[in-house]
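Starting from the structure of chain A, add chain B where the hints point.
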Amino acid sequence: MALPTLRPLPGTLLAVTVLGELGALGLSWGLEPAYDTLFSALVAVLTVGVGALILSRHPSHVIGWLLCVLGLANALAADLPQGWGLRAAAEGWAWGPAAEWLGLWTFLLLGVVWVLIFLLFPSGHLPNRRWSTVVWLDVAGTAILAAGWALDPDTGRYFAGGRNPYAVPGLPTDALFWGGLVTIAVAMVTALAAVVGRLRRSHGVERQQMKWFALSSGFVVAALPTGAALWNFTPLVHPLPLIALTVWPIAIGVAILRYRLYDVDLVISRAFTGAVLTVVLALVYVGSTLVIGAFAGFGSPWATAVSTLLAATAFKLLHQRVQRRVDSAFRPMHHAALSRVGEFIDALRADQVEPEQVVEALRSALGDPLLELRFVLYADEPPVDERGRPVADHLDGGRESYVVERGGITLGQIVWLPRTEEQRRLLPSVVAAAGLAIEMARLRVELRHRLDEVEASRARIVTVADEERRRIERDLHDGAQQRLVSIGLALRHAQHQLGPAEAAASRTLDDAIAQITQAIDELRELAQGLHPALEAGLRPALHELATRAPLPVDVVATAERFPSDVETAAYFVACEGLTNAVKHARAQRVVLRVARENGRCVVSVTDNGVGGARPHNGSGLTGLSDRVAARGGSLRIDSTTGHGTTLTVEFPCAS
Amino acid sequence: MRVVIVEDQVLLREGLARLFVNGGHHVVASLGDAERLHEILIGQNADLVVIDVRMPPTYTDEGTRAALETKQRHPEVGVLVLSQHIETTHAVDLVSRAGFGYLLKDRVLEVGEFLATAQRIANGGSALDPKVVARLLAPATGPLARLTERERRILELMAEGLTNTGIAHRLMLSERTVEAHIRHVLLKLDIPETSDGHRRVLAVLAHLRAVYEWS
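Here the protein sequences line up with chains A and B, keeping their order. Take the first sequence: its position 387, counting from 1, is numbered 387 in our numbering, and each next residue is one higher. Take the second sequence: its position 76, counting from 1, is numbered 76 in our numbering, and each next residue is one higher.
Only chain A is shown next, with the shape it has when bound in the complex (with noise of 0.2 Å):
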């Protein structure tokens, strides 16, 4: 809330009482309890306070204004004629008698005053016409009250010189006494049966304003005769008034400014849980006490440790029930939303739901079917779906954003539309009550997202491998071997120059020749191990691995063809397969297979070796599972001993 500005003439009423009261401070100094001085200085700064921040914000609202007259009436007609009085008994001042006699009487205007801001409250206007009646009606009273205590003889004592200058001798003041008190209680319970009524009619806003109000007149109401009749007995109920009468101007602040308008029903619920706790609390210190007290005589240390010890545990016990208890009565949307988060929360350490469920929860419990729960993974990258995939950072349709902390941390965001002020309300607490939910799920999309960045990277690692080595195979054609071909030819040029005389020479040539063919076979080889020869497919390249083979291999494979990346890595499968099945397996024959099944390219190699062989051995299946997981693929290895090894490697590739 930003600091208010004050308007003039609310700011000028206020710095007036804020003098007066000091005046009326200084003046009454030492010459009546302070607690009376200071009680009624705080009420009337207070209220003309809050009355001069109601009207910065809305310049001409009744009530502020009411206020704001409440608050100066307390100051410049009650306090400061009261203050001049004593003063001027004490040090023979003049006027001190008619100072008295004002603040005898005044305080009664205050009540007028009451009664408007009853029936006027929250809307500035009656509730209908009819209600002006009750105003006329306390203003009647008010008058014949003032009357029948300000004009009589017998409030003489009241009075430093003992007597009344004032007094009427011969009216019948009692009467006028009694009649006005009467007339000003009708009228004060009809003003607040109208704060009743008007309690019950109204809905949204209003209501919560109303309810704060009526909250808080009811303190008042029960808190003033509390504290006047129990005055002697305790000075626990001292505070009282004063309490009440600095929470009313409070309360109606509150409501008029709606500033935590809503948390009305979290103040109603817990003022009604320690009431309730007090009271059955006292009830068990006081059955306690009693009981033991019997058997241990009262007054015995014991029956206070045992009493204590029990209210202690009694609250323990009950302050969560009573709380539920409440909540439920007074607060049934957030109590609903809670238990509903609740429950999902209890699932998942239950382990009977998926944390990224947190999302239906909070849908059921905030009653937005639509509402989105957005991941932050990184600060500075756009938020993600529970699957990883990046959301357009945009609020469309009066959709509201709310960022998700936890510990400092920005999990993400919740985009949603709240339909009421009171579901608005409600968002903080329901999140952070499925923030151990929310930040689960957010560490597994993390998790997943790392994992997919990590999956492609090796795919693309393989690939680029795979790159290389074709580049490197036909470096060494096309360069090397084209090479050393060339030289040779260049050779036997020289061999044709040197003519048939030069018989030496032409068998040093012939030796040189005789080399660099060798040096071309060693180079294709070597060039043939390194990238798979597979422009015309996968079943005439594994035809050719396997006339390479040192064994009897058959293949079976289909003339289908599949994505390149995947025709590489099951020649590589082919080879390794049978490299093994040759090195490890003691084989007689291999069979080589390769088909489409189910949309999968299934490749196996079978061979009729000593089986036993392990996937973790040291062969270079290591390299292949990689290769195989790189392309999306699982590998399986199915041996026995003495039942041969089949080793199948299967990967997506959709036709």
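Rather than coming from a laboratory, the hints here were simulated on the basis of the structure. Keep in mind that this is a model prediction, so the values were computed, not measured. Cβ coordinates follow ideal geometry from the N, Cα and C atoms, glycine included. Treat the hints with care, since some could be wrong.
Claimed, not checked - Cβ-Cβ distance ranges computed for the label pairs, FRET-style: (1) B:E149 with A:N598: 30 to 40 Å; (2) A:N598 with B:Q119: 47 to 57 Å; (3) A:G642 with B:Q119: 50 to 60 Å; (4) A:G407 with B:T60: 51 to 61 Å; (5) B:T177 with A:R469: 13 to 23 Å; (6) B:T60 with A:P390: 31 to 41 Å; (7) B:T60 with A:R406: 55 to 65 Å; (8) B:Q119 with A:D511: 25 to 35 Å; (9) B:E149 with A:A490: 37 to 47 Å; (10) B:T60 with A:Q588: 30 to 40 Å; (11) A:R507 with B:T177: 27 to 37 Å.
Unchecked claim - Sample of chain B residues with no beta-carbon within 12 Å of chain A, all distances over it, derived: (12) I40; (13) L41; (14) I42; (15) Q44; (16) E76; (17) G124; (18) R146; (19) R152; (20) S174; (21) E179.
Just chain B now, kept in the frame of chain A:
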């Protein structure tokens, strides 16, 4: 023999040309790619085209495709494909035509044999590189297992494209002995005997291909 050379690498192209010239042949054209091959063959009365498998632009099988096209358009011209690596499927496919050869590039270093093979192809014969043949005949399974060592050697030379005389000369046997062995081989492989040398090679190759494609 009038020769057209298609080879993208300059040094090799010139080396090849010199080799033919030194052997007393006439190189009518040396080309860097197969684009103008057809045009040149129409103008020149060539006997043989020597062509590299890998050529621009993709360096995969431009040469093979150009070779097949040449064979279709100019059946009278012999085509000799030079390859860098051993590749049985393609090779057998190509050599199943008359006047066609498939050799590894380093074969050119055995000048005498190379020129003789080139001459044979220009004359309508076939030639398959010994290394390709060796690979085809390598597995000791199926019908090939029934052959003796000597019969296998003779089958290899048949597959390379040699005539009975050539085989007899190479193995230092009498021609009659070679003929007897060949009869045995054809019998064991269930191939009907004919007098035509080239048909005989084709039969052997077709048989081998059948064995390896559908085993």
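Tested hints:
1. Taking the beta carbon of each, B:E149 and A:N598 are about 48 Å apart, not inside 30 to 40 Å as hinted.
2. A:N598 and B:Q119 have their C-beta atoms about 56 Å apart, which keeps the hinted 47 to 57 Å range intact.
3. The hinted window of 50 to 60 Å between A:G642 and B:Q119 holds, with their beta carbons roughly 58 Å apart.
4. The hinted window of 51 to 61 Å between A:G407 and B:T60 holds, with their beta carbons roughly 59 Å apart.
5. The hint said 13 to 23 Å for the Cβ distance between B:T177 and A:R469, and at roughly 48 Å that hint is violated.
6. A hinted range of 31 to 41 Å holds for the C-beta pair B:T60 and A:P390, which are about 40 Å apart.
7. Distance hint check for B:T60 and A:R406: the Cβ-Cβ separation is about 58 Å, which falls inside the suggested range of 55 to 65 Å.
8. Judged by the Cβ atoms, the range 25 to 35 Å given for B:Q119 and A:D511 holds: they are separated by roughly 27 Å.
9. Checked against the given bound of 37 to 47 Å, the beta carbons of B:E149 and A:A490, roughly 39 Å apart, stay inside it.
10. For B:T60 paired with A:Q588, a C-beta distance near 37 Å keeps the hint of 30 to 40 Å intact.
11. Between A:R507 and B:T177 the C-beta distance comes to about 33 Å, which sits within the given range of 27 to 37 Å.
12. Against chain A, the non-interface label of B:I40 holds: every CB pair exceeds 12 Å, the least being about 23 Å.
13. Here B:L41 stays apart from chain A, with its beta-carbon at least about 24 Å from theirs, past the 12 Å limit.
14. With a closest Cβ-Cβ approach of about 29 Å to chain A, B:I42 is found to remain outside the 12 Å limit, as its non-interface label requires.
15. Separation of B:Q44 from chain A is adequate, the least Cβ-Cβ distance of about 23 Å exceeding the 12 Å criterion.
16. At roughly 28 Å, the least C-beta separation between B:E76 and chain A is larger than 12 Å, which holds for a residue marked as non-interface.
17. Residue-level check passed: B:G124 sits 27 Å from the nearest beta carbon of chain A, beyond 12 Å.
18. In this structure B:R146 is separated from chain A by more than 12 Å, as the shortest Cβ-Cβ distance comes to about 15 Å.
19. The non-interface label for B:R152 is consistent with chain A: the shortest C-beta to C-beta separation is roughly 15 Å, beyond 12 Å.
20. Every Cβ of chain A is farther than 12 Å from the Cβ of B:S174; the closest lies at roughly 30 Å, confirming the non-interface assignment.
21. Distance check on B:E179: its Cβ is at least 29 Å (rounded) from any Cβ of chain A, clearing the 12 Å threshold; non-interface status holds.
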